[in-house]
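Undergrad: Residue strings, one per chain:
2 protein chains.
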Amino acid sequence: MANEKKRKVAVVGCGSVGTFAARAIMASSDLELVGIVRRPESLSRGVPPELRDIPVVSSIESLDGVEAACLAVPTRQVPEHAERILSLGINTVDSYDIHGELVNVKKRLDTIAREAGSVAVISAGWDPGTDSLIRVILEIMAPSGITHTNFGPGMSMGHTCAVKAIPGVKDAISMTYPKGQGLHRRVVYVELDEDADFDSVKEAVLKDPYFSNDETAVILSDDIDSLRNSGHGVLIERSGVSGGASNQRFKFEMSINNPALTGQIMVGAMRASLKQPPGAYTLPELPLIDFLCGDRDRLLKRLV
Amino acid sequence: MANEKKRKVAVVGCGSVGTFAARAIMASSDLELVGIVRRPESLSRGVPPELRDIPVVSSIESLDGVEAACLAVPTRQVPEHAERILSLGINTVDSYDIHGELVNVKKRLDTIAREAGSVAVISAGWDPGTDSLIRVILEIMAPSGITHTNFGPGMSMGHTCAVKAIPGVKDAISMTYPKGQGLHRRVVYVELDEDADFDSVKEAVLKDPYFSNDETAVILSDDIDSLRNSGHGVLIERSGVSGGASNQRFKFEMSINNPALTGQIMVGAMRASLKQPPGAYTLPELPLIDFLCGDRDRLLKRLV
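Residue numbers (our numbering), protein chains in the order written: chain L, 1 to 304; chain E, 1 to 304.
Everything labelled a hint here was simulated from the structure, so no lab data went into it. Worth double-checking, as some hints may not be accurate.
Copies of the same chain look alike in the list, so a pair counts if it fits in one copy or across any two.
Calculated cross-link-like contacts (lysine-lysine; reagent style DSS-like; alpha-carbon spacing at most 27 angstroms) [claimed, not checked]:
(1) Lys301 with Lys251
(2) Lys5 with Lys251
(3) Lys179 with Lys251
(4) Lys301 with Lys202
(5) Lys301 with Lys207
(6) Lys301 with Lys179
(7) Lys8 with Lys202
(8) Lys207 with Lys179
Everything numeric in this text was worked out from a predicted model, so none of it was measured.
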């Protein structure tokens, strides 16, 4: 790897996912972080000390030779950022997490990417993302049966962003607790703007498509900061049938720092994006070996 | 799928893996089992009742229009079968399980497959195979850290075949027990031919590359049949670092009927083989969605 040219990449957004993605890039021997793209109004804000030597700009066009961008922005802003950056001929990777919409988003980005000769890897977080890979593997192993994906306990970033976008909400966190069998309870803590009405905020939360299918409690808090913790987890279970044999039992479990994992997976996806023909892809449509850094035969010898 | 033409496939070998693979094919709406290939001396043996309508032949050339073959044969016979069948322009799938050799076998098969316009998917069982996919995903999620693969308790088919191939062994099973941290104890039960010497059989087992790296006990038995059970399992654990954050913890666990799982995964790999350009591939080199039956967008909508 030392003799190969590092591939130039950028991170769009400098929240927790963006910061961890930047760190993951700096720890990769095959990638070079050429810049961080922030909104103009955030340019004056500080960045974590280890990123101090990285140029911070307000537009990706100000950076030279970027081949791939990690879109560490709120999920609902992903399609607009991706469309613009893909059309510049730069690959994008996102962690778009609205399960019901992602196939449609993929179709739109696919058209743009093919025209511009770029690659989009969409929904490249852990769910959707690596959890999706696990669910696919479990169906390869046992095509008939039931899979349960149980999230938490932990703060959901997508859900939290959705609550924060509600008018009157000053700050919020949305916690997810597994009830078993793939059912969840959401507990939303909100800190309000001075003149905001709790009942209307609560109603807006309960109506949001992120929450409308789950049991949800909304709790008023005067100090969201003291509740913060990036720990999260998942338990994916399947019992199914392989070749006519029942009672094949599978379990995948993890306990993780959520934005750190998301940022790391997105960096692997940027690497994979550089090896694909133009178009848009979800994780199960890509060879997994393309996400890893290093010589392919040596990786296969060690991991297969 | 109903309106699409089923793809014609065959199974080579009619042991436990071959039988489960045949059952898995018959349960697939997109594949048609056109025949089972057995050694000439086994042609007169019966097949399980549900396979009675399937032609049993001694050579794959006797079957019309086969596009892919599942090589359910002892691992050391895989390369020779694969080379011959690939050169006929027929895809092959195997569960070759000698980890140290598989990259070399892949290279040889790749040359033959590219020349003949066929596809080989090698080491498409559960380890190597789906476990390899899990190990790759864990490194995508946390590039730095240690993975332990703990097998068992269960009978290892590869190890059992290796023991059975030793002169003087009438029948055998090789059990694997996890000691933790990826270390294993092997317990080999052997039933001997009448004139065989236990000590020389034991020495041959201990010297075999399948056993030489593990603590191994060899036990004489006069009734191997009463010990048989196809249950097996694995626990893969990793603790690692994502984006600089340590203590990311992952666990994959399964408890399964071993030949049933192997046969089922090989059938998914046959399906995937029909979607690739000529060459030889291990599982991490293939898009996982290609292993599943059904409309791609509907699968992605449900599983991503």
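Undergrad: Does each hint fit the structure? Answer for all of them.
TA: Hints, verified against the model:
Taking the shortest Cα distances, Lys301 and Lys251 sit within 27 angstroms of each other both inside one copy (26 angstroms) and across copies (22 angstroms). Within a single copy, Lys5 and Lys251 get their C-alpha atoms no closer than 40 angstroms, and across copies no closer than 35 angstroms, so neither meets the 27 angstroms cut-off. When the C-alpha separation of Lys179 and Lys251 is checked against a cutoff of 27 angstroms, the pair qualifies both within a copy, at 16 angstroms, and between copies, at 20 angstroms. Neither within a single protomer nor between protomers do Lys301 and Lys202 lie at most 27 angstroms apart by alpha-carbon distance, with minima of 54 angstroms and 30 angstroms respectively.
Only between protomers do Lys301 and Lys207 lie at most 27 angstroms apart by alpha-carbon distance; the minimum there is 23 angstroms, versus 51 angstroms within a single protomer. Taking identical chains as interchangeable, the C-alpha atoms of Lys301 and Lys179 lie at most 27 angstroms apart only when they sit on different chains, with a minimum of 24 angstroms there against 41 angstroms within one chain. Taking CA atoms no more than 27 angstroms apart as the test, Lys8 paired with Lys202 passes in neither setting, with 44 angstroms inside one copy and 57 angstroms between copies. Only within a single protomer do Lys207 and Lys179 lie at most 27 angstroms apart by alpha-carbon distance; the minimum there is 21 angstroms, versus 51 angstroms between protomers.
When held up to the earlier numbered hints, the structure conflicts with 2, 4 and 7 and fits the remainder.
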